[in-house]
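Asks: All chains, full assembly: derive it from the sequences and hints.
For the sequence shown, my numbering assigns the number 20 to the initial residue and increments by one for each residue that follows.
If you're looking for bench data, these hints aren't it; they were derived computationally from the structure.
Note that CB positions come from ideal geometry on N, CA and C, so glycine has one too.
Please note that the accuracy of each hint is not assured.
What the hints assert, rightly or not - What follows is a set of in silico ranges between Cβ atoms, one per label pair, in the way DEER data are often shown:
no. : residue 1 : residue 2 : range
1   : Glu73     : Arg21     : 47 to 55 Å
2   : Phe48     : Arg118    : 32 to 40 Å
3   : Arg123    : Ala40     : 46 to 54 Å
4   : Thr31     : Asp115    : 46 to 54 Å
5   : Val24     : Asp79     : 52 to 60 Å
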Amino acid sequence: MRGKVSLGPWFTSVFRLLAGARRLRGTPFDLFGYAHVRRVERELIAEYRRVIEEVLRFLDPTNHALAVTIAGLPDEVRGYEQTKLDNVTRYRQRLDDLRRELTRSQPVSAP
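Replies: And the structure:
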């Protein structure tokens, strides 16, 4: 596709409808939220929180660099649709490897 696409003035009402639907985001009425990619994105947020809690249990000066690497892994999940899903698969594989390495050390006891 080359250049801009002319939609005409009638399309302004469609944009207004989409802008108004912004209030529906994150609710059961969010039509775009049912897409597989969006569900995976929401899962990743909860997963990241659990991973960080786990990392904090094992964090000590000897594995600080590994903890930072694990915390930065979500930066690798980029792209749209299938590209993002492929990156999520790679992210989870790498996360599993790094978590195994991290959990070889003993958890730090709480003060």
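Asks: A separate judgement is required for each hint: does it hold in the structure or not?
Replies: Here is how each hint holds up against the structure:
1. Look at Glu73 against Arg21: about 50 Å separates their beta carbons, and that is inside 47 to 55 Å.
2. Our hint of 32 to 40 Å for Phe48 and Arg118 holds, since their Cβ atoms are close to 37 Å apart.
3. Take Arg123 and Ala40: their Cβ atoms lie about 48 Å apart, and the range 46 to 54 Å holds.
4. Remark: the range hint 46 to 54 Å for Thr31 to Asp115 is upheld by a beta-carbon distance near 48 Å.
5. At about 56 Å, the CB distance of Val24 to Asp79 agrees with the hint of 52 to 60 Å.
In this structure, none of the earlier numbered hints is contradicted; all agree with it.
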